[in-house]
Amino acid sequence: MKCTRCRERAELALRSHNAAFCRACFLIYFNRQVERTIRQDKMFTPDERILVAVSGGKDSLALWDILIEQGYQTEGFYLALGIGTYSSQSQQKAEAFAKKRQVKLRIVQLEQEAVPVPLAAQFTRRMPCAACGTMKRHFFDQAAHDGGFQVLATGHNLDDEAARLLGNVLYWQTEYLARQKAVLEPSHPKFVRKVRPLYRLSELETAAYAFFRGIDYIIEECPNSAGATQLFYKDILNRIDAKMPGSKRNFVQKFMHSAQSLFARPEDSPPRECEKCGMPSYAPVCSFCNLVSEVERKHEHAQSTSKAEADSSKQTGQAEQPHLDETH
Amino acid sequence: MSVYAARGTVGVMQVKLLPQNQMLTFPGSMIVSVLLKKLDLLPESVMVIRGTRLLTEEERVQADDEIEIRSVISGGV
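Protein sequence lines, in the order shown, are assigned to chains A and B.
Residues in the first sequence are numbered consecutively from 1, following this note's numbering.
Residues in the second sequence are numbered consecutively from 1, following this note's numbering.
Keep in mind that a hint or two might mislead.
[As the list claims (entries may be wrong)] Here are the in silico distance ranges between beta carbons for each label pair:
(1) B:ARG50 - A:THR45: 40 to 46 Å
(2) B:THR52 - A:PRO223: 26 to 32 Å
(3) A:GLN173 - B:ARG50: 41 to 47 Å
(4) A:GLN122 - B:SER33: 43 to 49 Å
(5) B:LEU39 - A:LYS314: 52 to 58 Å
(6) B:GLU58 - A:GLN112: 49 to 55 Å
(7) A:TYR282 - B:SER33: 47 to 53 Å
(8) A:ALA302 - B:THR52: 20 to 26 Å
(9) A:ALA96 - B:GLU58: 34 to 40 Å
(10) A:ARG101 - B:GLU58: 34 to 40 Å
(11) A:ALA96 - B:SER33: 51 to 57 Å
[Said to hold, decoys possible] Sample of chain A residues with no beta-carbon within 12 Å of chain B, all distances over it, derived:
(12) LEU177
(13) PRO186
(14) ASN250
(15) ALA302
Since the hints were made in silico from the structure, they are not lab data.
Ideal Cβ positions, reconstructed from N, Cα and C, are used throughout, including at glycine.
Whole structure, please, built from the sequences with the hints as guidance.
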């Protein structure tokens, strides 16, 4: 197979574009796609400071890499979720990336600042991914605000958007459809503009970019993602796309450019500030603070219960001791 | 999924699946698209890597080749 641009041997075929690329031409194509997305969707300008949320995975590191290449002012933000070796390995990847490119990476440890994701999932009825999402939203917003950034960029790709859109459409989640945008303008002075510059590029494209650029990313999947609905949606969408190349891209892009505005709602009154943490919230206490309080309360209760049980069994043991002695 | 052991003089292709970290072997050479079909994998969901290069579906992988098939799908929720 030959490269569509230069006729050299291709390394990557993109069925949805009816094209194939050699390494050099793919990097040019990828670069242009990101450039065009940022410009057409009016995401940010070179004067603005961008906080890039990085996980150590291919998408976020590919995003950070290309924004650095395009000359934007970026810093990275890594949230250590406390998910065993997966978290420690992904942190190492993010740190190594930042060190190699001599860019600043801010790190927040959930264990120190709140509660790690596994504990949150254990002590609440939430799925680990739901607890994780709540934590990420809070700390990303807070880091962007505290650091004086104008923009928060995440590495969501075309497949992420397609899976999210399919889920929202299947259940006609009109509130979520109203908010599914590549650019989310701030609704409160403590929020910054949120952007997704990779939303037109597929997961295969971001992985190939990371591979060609020699980005050392974490290949292992989060242990909590096994059986996740989003992975099922992605598989279904890829199966449809294999039969009808380009359908996944069309699904997302037509929604973003033609259908999304149909779900727009009149602006709600702006959020107030959470009584506990001061970040924007529609309720007196934000979902993050509610989650942390719930986990702390249940954790304390579990600890005091197990301590009481241990004390009780100790006392029982002591009481039984004379009886045992008597038998000897 | 078909997994064959080496037989006779036919060379064996080593295939490493990531992130599962699973090693498989296949006898002889074959086209990448055939290999992916044997593994029930969609071309859009993986990168097929030989050494430092990516392989397209039309390319032939040879017996004695060491191939890495790396999933590109990630996500939660």
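Which of the listed hints are not met by the structure? Failing hints, ascending: 8, 11.
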